[in-house]
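With the hints as your guide, set chains B and C onto chain A.
Sequences listed follow chains A, B and C, in order. So for the first sequence, the numbering used here puts the first residue at -11; every next one is plus one. So for the second sequence, the numbering used here puts the first residue at -11; every next one is plus one. So for the third sequence, the numbering used here puts the first residue at -11; every next one is plus one.
Simulated from the structure, these hints should not be mistaken for lab results. A couple of the hints might just be wrong.
Where chains are identical, the list cannot tell them apart; a pair therefore holds if satisfied intra-copy or between any two copies.
[Unchecked claim] Straight-line C-alpha distance at most 30 Å; calculated DSSO-like pairs for lysine-lysine: (1) LYS148 / LYS312; (2) LYS174 / LYS10; (3) LYS137 / LYS253; (4) LYS312 / LYS137; (5) LYS26 / LYS184; (6) LYS148 / LYS25; (7) LYS104 / LYS75; (8) LYS174 / LYS137; (9) LYS168 / LYS148; (10) LYS250 / LYS26; (11) LYS75 / LYS168; (12) LYS25 / LYS312.
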Amino acid sequence: MTDFTGNHILSVNQLDRDAIAKIFETANMMLPYAQRKKRTHVLDGAILGNMFFEASTRTRVSFGSAFNLLGGFVRETTGMSSSALAKGESLYDTARVLSSYADVIAMRHPQSGSVKEFSEGSMVPVINGGDGANEHPTQALLDLYTIEKELTASLQTIDKMHIAMVGDLKHGRTVHSLSKLLAQYKNITFSLISPKALAMPDEIVSVLENAGHKVIITDSIEGNVDADILYLTRIQEERFTSQEEADLYRGQFRLNQQIYTKHCKSNTVIMHPLPRDSRSDANELDTDLNLNPNLAIFRQVENGVLIRMALFALTLGVSDQVSKHESDVHWFSRK
Amino acid sequence: MTDFTGNHILSVNQLDRDAIAKIFETANMMLPYAQRKKRTHVLDGAILGNMFFEASTRTRVSFGSAFNLLGGFVRETTGMSSSALAKGESLYDTARVLSSYADVIAMRHPQSGSVKEFSEGSMVPVINGGDGANEHPTQALLDLYTIEKELTASLQTIDKMHIAMVGDLKHGRTVHSLSKLLAQYKNITFSLISPKALAMPDEIVSVLENAGHKVIITDSIEGNVDADILYLTRIQEERFTSQEEADLYRGQFRLNQQIYTKHCKSNTVIMHPLPRDSRSDANELDTDLNLNPNLAIFRQVENGVLIRMALFALTLGVSDQVSKHESDVHWFSRK
Amino acid sequence: MTDFTGNHILSVNQLDRDAIAKIFETANMMLPYAQRKKRTHVLDGAILGNMFFEASTRTRVSFGSAFNLLGGFVRETTGMSSSALAKGESLYDTARVLSSYADVIAMRHPQSGSVKEFSEGSMVPVINGGDGANEHPTQALLDLYTIEKELTASLQTIDKMHIAMVGDLKHGRTVHSLSKLLAQYKNITFSLISPKALAMPDEIVSVLENAGHKVIITDSIEGNVDADILYLTRIQEERFTSQEEADLYRGQFRLNQQIYTKHCKSNTVIMHPLPRDSRSDANELDTDLNLNPNLAIFRQVENGVLIRMALFALTLGVSDQVSKHESDVHWFSRK
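This is chain A alone, in the form it adopts within the complex (with noise of 0.2 Å):
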């Protein structure tokens, strides 16, 4: 699909290379708006339903500030105790409803199918910000683009790199996500290093692997981590299945410059989902790193704004009108 013109976006599924592409061009195209050289009016006077049933400040914040710099405006709900969901209401209802107000809707809910649901009452686009342990197709586009815009800055490509995952790969929906959509490229060598108990899914390595993929499963950051990508996530020691598993990987899966500088290559890339927990007890990501140029995770942030922007665009079918619109920015722009 290249014409997304009054279509939902409900899954990394529904996006094959040609798809992905396509956004990832209109999000090139976002840019000196997003970076304030320019702005555009092209959704002067459309409404977002940015329909939050639990609660996310960064992604709720992330896809309505995309939704503004392309000149809408934003409702929005925060939560689910205020809902008529919470009255026996069905999704189908609630959709039917809610698309009443708005011109396309953004959506997360804390039920694995739920926006899918709710998708089959909408009047209006819906894009899934998040169901549950099921989709988050947002950010899996947003670290897809975040590596390919990475690794053509050093004119690598995502065909034949070399991507290391770490941390909990059990159930990390992120990690599920990007998996599926690098599935579709070409000579990938993946080492997914997490502890036994929380390793990638037997099926999306399957997936991995039919594709003719390289994949090196590993407990230990030793020796895979020169990669060219370095896909980091939370392990949550409530996770393990005993405490003794906790305490042997306890550490295990921590970074800083020190380890950086001894196990991976000069220009591996940093990736993060965010948020990183930074307390002394935690600290999965150390600060030391933020000097790292390499460290990506604030520009994956920006990549974010630009792909929701491009979503925006491309559902409501505006992409070719952006520049049409466009007017001078005159106030202080970010450093």
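Only chains B and C this time, still in chain A's reference frame:
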């Protein structure tokens, strides 16, 4: 009253037939903007204070979207905990303060009479978005507007129609307010169908009878719902005076396609204030009615946006300038 | 400092008399827009991140409306539970992320020093909306601006005025910050009236005395409130060190029209940071003063909008472009 400029909308008691006609005429004018055939910038730069001191996602978002559709900004609050009201501030002070931040205020509050008290301190028009058990005038107006539109489509009028109201007629502020508005019309037949313990208050029945309408009070839908309009409301079991009575009536006021076919006219319009409880043990309005073209519940929702747009345009005195500020919509609009 | 472009506003300590003069001059310029005589689109397309990690309806809405009055969009958050801060994210990371979504940030947070820490990670200007017991500079500025405007109206100046501050002078960050700003003026008489246990901290008294001002410390309003400005703050009974002391002072610092007539000058200006507690057992500032033309409490609120508009225009470097982007207001505007 037909000049609403600068006035509060607090109660259906303010609204005579001339006022209602003016609101409906203005709501009609809003249709192309709500349907995204056009957009209007008439309130570009104006600010709605969407002050919901009691949570209500759909009503809050409906007011907010209506204001955005006229081009204005929305500032809002949800819930009471964060409010100075909780620190002993009077509604008068709260209104003085919040009306410094807005051009018009929509307010919901759990306490009966609170919105009127608030309006006395406000320097800008206040629209009642529901004050406890007391009033919810925009719901009554959107219900009446829906009735008029649905009947007009089949060449009928509110005068001389037959409306059946079903369910909890004792506590439902919706049916009380709607009845007061309908009382101003001529020769209506009201079938008031409820459990005995949840009957329409005598005060409302008197208003209807004194205005010359025919009122039938019954506890059975059989023989009483072959009406032009069938308005259902929810019965909550805890409202009954005894469990025996709850048991007696359980399931007697639900509607599905089979009951509709058996007891209603072929074009009886089905209305409900929503949300409807679609859980299997509630199922007050079965989803098998979703394909019935006479199910008007989602048209009520859409009409709510038109009514709220009309009230904003009227209270801010711009109803005759809406089309002067219009422009084209170039994005994908709803199915 | 008189060029605020790109700078944070974190503390009154940043502000010398030139800076204050620049802010007030800019605030004056905002009056026609706040009063809806005109509107301005100067920040059309800009985004405020209104990040309230502690609930505060009025301050949050005041910042948001001020930004809307300049034509900009507002994205916001209320409360901390939904925030990544709760998952161990550092304020630095939170700032890096949220500043990717906005052109300027207004932030409130319960923890002293948090806004400064946050500002160090932010790529856009941060305005302190209150950080715990520490600072609330926009409140201090709106108070000082109100004092100047009220005195100017009666041909007086801040230099040489007599101000009485009454109530809990120990814990009120409002009176501390205001005192620091006033210290920069000349020959002011300060009557600091409070229970002994709730007296102004020595540190602040020293600042005032070292700057050559006259300071009177007392626990009685009699003979001390015939001032030009009377600034009242709330006393919470639990602040006293003993119940005996609380009993001793109960009701001694309340103001009503009778006390005003007896103890104040005929044009003593009454100020209060609001909310005032209007419950019968509190009644710190009696509502019978509402008709007293010298009651400036609601003018403080309106001035707060002007000050916040000024700070946005200054930090975003558009203060000289506001009128270039103006247009007419054609809707009903406030009484």
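Hints violated by the structure (listed by number, smallest first): 1, 5, 6, 10
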